[in-house]
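*Asks:* Listed here are the chains, written in short residue letters.
2 protein chains.
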Amino acid sequence: MAEHTPDSGRYAARGVSATKGEVHAAVDKLDQGLFPGAFCKIVPDVLTGDPAKCNLIHADGSGTKSLIAYLHFRETGDASIFRGIAQDSIVMNIDDLLCVGATGPILINSTVNRNARAFPGHALAELINGTEDFLTTLRDHGVNIVSGGGETADVGDCTGTVTVDSCAVAVMDRDKVITGEQIVPGLAIIGISSAGQANYESFVNSGIGSNGLTSARHEMLSSYYREKYPETYDKATPADLVYCGPYQLDDKLPEGNGMTVGEAILSPTRTYAPIVTKLLADHRASVRGLVHCSGGGQGKCLRFGKNVHFIKNQLLPIPPVFKAIQQASKTPWKEMYQVFNMGHRLEVYCPPEDADKLLDTIRAFGVEADVVGRTEKSQHDNGANHLTLFHGEDMLTYAL
Amino acid sequence: MAEHTPDSGRYAARGVSATKGEVHAAVDKLDQGLFPGAFCKIVPDVLTGDPAKCNLIHADGSGTKSLIAYLHFRETGDASIFRGIAQDSIVMNIDDLLCVGATGPILINSTVNRNARAFPGHALAELINGTEDFLTTLRDHGVNIVSGGGETADVGDCTGTVTVDSCAVAVMDRDKVITGEQIVPGLAIIGISSAGQANYESFVNSGIGSNGLTSARHEMLSSYYREKYPETYDKATPADLVYCGPYQLDDKLPEGNGMTVGEAILSPTRTYAPIVTKLLADHRASVRGLVHCSGGGQGKCLRFGKNVHFIKNQLLPIPPVFKAIQQASKTPWKEMYQVFNMGHRLEVYCPPEDADKLLDTIRAFGVEADVVGRTEKSQHDNGANHLTLFHGEDMLTYAL
Chain C
77 MAEHTPDSGR
87 YAARGVSATK
97 GEVHAAVDKL
107 DQGLFPGAFC
117 KIVPDVLTGD
127 PAKCNLIHAD
137 GSGTKSLIAY
147 LHFRETGDAS
157 IFRGIAQDSI
167 VMNIDDLLCV
177 GATGPILINS
187 TVNRNARAFP
197 GHALAELING
207 TEDFLTTLRD
217 HGVNIVSGGG
227 ETADVGDCTG
237 TVTVDSCAVA
247 VMDRDKVITG
257 EQIVPGLAII
267 GISSAGQANY
277 ESFVNSGIGS
287 NGLTSARHEM
297 LSSYYREKYP
307 ETYDKATPAD
317 LVYCGPYQLD
327 DKLPEGNGMT
337 VGEAILSPTR
347 TYAPIVTKLL
357 ADHRASVRGL
367 VHCSGGGQGK
377 CLRFGKNVHF
387 IKNQLLPIPP
397 VFKAIQQASK
407 TPWKEMYQVF
417 NMGHRLEVYC
427 PPEDADKLLD
437 TIRAFGVEAD
447 VVGRTEKSQH
457 DNGANHLTLF
467 HGEDMLTYAL
Chain X
77 MAEHTPDSGR
87 YAARGVSATK
97 GEVHAAVDKL
107 DQGLFPGAFC
117 KIVPDVLTGD
127 PAKCNLIHAD
137 GSGTKSLIAY
147 LHFRETGDAS
157 IFRGIAQDSI
167 VMNIDDLLCV
177 GATGPILINS
187 TVNRNARAFP
197 GHALAELING
207 TEDFLTTLRD
217 HGVNIVSGGG
227 ETADVGDCTG
237 TVTVDSCAVA
247 VMDRDKVITG
257 EQIVPGLAII
267 GISSAGQANY
277 ESFVNSGIGS
287 NGLTSARHEM
297 LSSYYREKYP
307 ETYDKATPAD
317 LVYCGPYQLD
327 DKLPEGNGMT
337 VGEAILSPTR
347 TYAPIVTKLL
357 ADHRASVRGL
367 VHCSGGGQGK
377 CLRFGKNVHF
387 IKNQLLPIPP
397 VFKAIQQASK
407 TPWKEMYQVF
417 NMGHRLEVYC
427 PPEDADKLLD
437 TIRAFGVEAD
447 VVGRTEKSQH
457 DNGANHLTLF
467 HGEDMLTYAL
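For the record, the sequence lines run as chains C and X.
The first sequence lines up with residues 77 to 476 when you count with our numbering.
The second sequence lines up with residues 77 to 476 when you count with our numbering.
Derived from the structure by calculation, the hints contain no laboratory data.
A couple of the hints might just be wrong.
Any copy will do: because identical chains look the same in the list, a pair fits if it lies in one copy or spans two.
[Unchecked claim] Keeping only pairs whose Cα atoms sit at most 35 Å apart, straight-line, the calculated DSBU-like set for lysine-lysine is: (1) 129 <-> 328; (2) 328 <-> 410; (3) 410 <-> 129; (4) 311 <-> 129; (5) 354 <-> 433; (6) 399 <-> 105; (7) 410 <-> 433; (8) 252 <-> 129; (9) 311 <-> 406; (10) 453 <-> 304; (11) 129 <-> 354; (12) 311 <-> 328; (13) 433 <-> 105; (14) 105 <-> 453; (15) 328 <-> 406; (16) 399 <-> 129; (17) 252 <-> 382; (18) 406 <-> 433; (19) 252 <-> 328; (20) 382 <-> 304; (21) 129 <-> 304.
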């Protein structure tokens, strides 16, 4: 993918492999489960042995977003910021599960790896209570999810701060799985905004999610943090790539409607669970595919469906947080779309004639959504998926 | 617990809270599930809604043992050492599940948080393949356990090395749960050795397990590693507590029958799953309780049963690895028993008259086991559990 892949640049210099090429290489040799084209790995029903059912066990976490929360915590003493990290860790799991149609019941568990000196008991209590409170909110909005416990490990020699991960489990009917095989040429792509405030949310989202935060943190935040918090970065990273941005956490975000930089990059990840639950309840047959634009950003879709040319030519407005990250980092726009969601973190694939009714359902939650593009037949002789994305007048192209 | 608690000394100075007092304080306010006295949290059957069943979702990992593997890997280039870490992470979960009687089916998942520069793709491949191979070995020995996937996160600013965690899930019949309530006065305590070689194992265990490894690593290994591998310890730890021991990894362990120090402290954690599966199949009524002596060591039992005075007066021989750690660190013996298993990592509570038949079953697996003590009525007016443990002629006492 030429010179603009995340692996080739500043991203790799920070010890992060954004395209995860080597990880996929190791994993691709393993059994791919019942539906190799699905968004999550799905295995036979090990847990209860029902041949009509299947199991999902999915792990993900807040990644390095916990470090931004840590900076805020150290600067202000406010440990409640970790409640948002609890939400991030949960949503990174359940919004992946949504993409195969697993809307619940879900059993979830969280693991905290911490340096007990840097991340004390009262911060841990906020994480734990934040987890419980967010799950209660989800249940209040019709998402059947229950915590089955958690683990805290004191591993101060592994981390100077804290990492938060979760694991979510579901048992579902095989015939209800969204397999990915229905992502074919001829569909409309609906993007559901990652920003703003849904009627099931109590705050305005910046749109940031939980991906690309290593980059966003260093490119946005100033050397003030480099000197003060050496525990929050890898000493092997070249110094000029560490906290090399223009901002402090409480600076105002440009065009951010009063949101600070800290609020923007720490904004807890929106879940689409209430929306997808309703979409599948009312319009299951119209929903041909769901893609969570997490790691890989707008290029995530490339891994799903066959013989598809994805065309995204009417993307939602780019939220201010991503514009500010691009401006601070001078990251090529092509790479920005591979790292960040850039405006929508969930996309729905449906027949073009069904788009309006799905949009009505989605917009009823107070979230911006629109048809952002379409699928056509792959232009490659081997049928490989590819993506053409319009950034203003610029046409950007991507392949796996 | 006076001056010899792990929290008071060198352990706490390394950013580790061995008794996890503050963690328990935060967690104890949460719903304790269906069987609050059981070894693991057990919740109603969220996953399939069967009122006769219940769910377990359990997370744990290899902790800082991954750092010893990392040192070996860096010194020798041998990445296959991480296969043992995969085993450690799995066993720390399934051997906890055994203690409530959940012997399978088990669905498991692993999460690797890594610094992509320090922990490269071929090391990751060993972890992933090691996981699959160990699960195959378990299945070959009658343990129904299946992997449902895994997650690798590149979080180089959170860790300079790697952490490995797993999450294990089971659905079981409520009436088969070992609730902990049958740990009462009047029972025999059988200890099953953590060392040696079972007939289902391909190597000799040192007995070490996956607890206390922060302490063991620093107290055993020399300053050679301090200078060469700064990414493997917390910079906030006083320098005289970092790699302050006498050994290098390939030095011979004293009294270790040829085992090196590295082999001894990296010895993959034994699972007791084949043994417990057989015990419960043949003698379920005799098994009144099971305690995995993981974090908390020989004091772990204090959290289970009611009105109990635990007396451990005939412990198994102390494996050489623990003697060497004590000698190198000068850790008081009382504290050694709170951090390490010291000889048996699983104990079975049974009526004294049933001990011999259980021992016959256990010993058929080629593992040393014996009655190591008994339970009596608590000597405290409030009925609080307490423990009297004999270290040679010395009587050591513990309470929660």
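*Asks:* Using 35 Å as the alpha carbon limit, work out where residue 129 and residue 304 are close: within a copy, between copies, both or neither.
*Replies:* neither (52 Å within a copy, 52 Å between copies)
*Asks:* Is it within, between, both or neither when you check residue 252 against residue 382 at 35 Å Cα-Cα?
*Replies:* within (20 Å within a copy, 47 Å between copies)
*Asks:* Since the copies are identical, ignore which copy is meant and state whether residue 328 and residue 406 lie within 35 Å (CA to CA) inside a copy, between copies, both or neither.
*Replies:* This pair counts as within: shortest intra-copy Cα distance 19 Å, inter-copy 55 Å.
*Asks:* Up to 35 Å between alpha-carbons, please classify residue 311 paired with residue 129: within, between, both or neither.
*Replies:* This pair counts as neither: shortest intra-copy Cα distance 48 Å, inter-copy 50 Å.
*Asks:* Is it within a copy, between copies, both, or neither that the alpha carbon of residue 410 lies no farther than 35 Å from that of residue 433?
*Replies:* Within one copy, since 32 Å is at most 35 Å while 69 Å is not.
*Asks:* State whether the alpha carbon distance between residue 252 and residue 129 is at most 35 Å within one copy, between copies, both, or neither.
*Replies:* For residue 252 and residue 129, both the intra-copy (9 Å) and inter-copy (24 Å) Cα distances are at most 35 Å.
*Asks:* I want to check one pair: residue 406 and residue 433. Are their C-alpha atoms no more than 35 Å apart within a copy, between two copies, both, or neither?
*Replies:* neither (39 Å within a copy, 72 Å between copies)
*Asks:* Are the CA atoms of residue 399 and residue 129 at most 35 Å apart within a copy, between copies, both, or neither?
*Replies:* neither (44 Å within a copy, 51 Å between copies)
*Asks:* When Cα atoms must be at most 35 Å apart, do residue 129 and residue 328 count as within-copy, between-copy, both, or neither?
*Replies:* neither (50 Å within a copy, 53 Å between copies)
*Asks:* Is it within, between, both, or neither for residue 252 and residue 328, if the alpha carbons may be no more than 35 Å apart?
*Replies:* neither (46 Å within a copy, 58 Å between copies)
*Asks:* What label fits residue 311 with residue 328 when the C-alpha limit is 35 Å: within, between, both, or neither?
*Replies:* Cα proximity of residue 311 and residue 328: in one copy and across copies (29 Å, 33 Å).
*Asks:* Since the copies are identical, ignore which copy is meant and state whether residue 410 and residue 129 lie within 35 Å (CA to CA) inside a copy, between copies, both or neither.
*Replies:* neither (41 Å within a copy, 51 Å between copies)
Violated hints, in rising order: 1, 3, 4, 6, 10, 13, 16, 18, 19, 20 and 21; the structure is consistent with all others.
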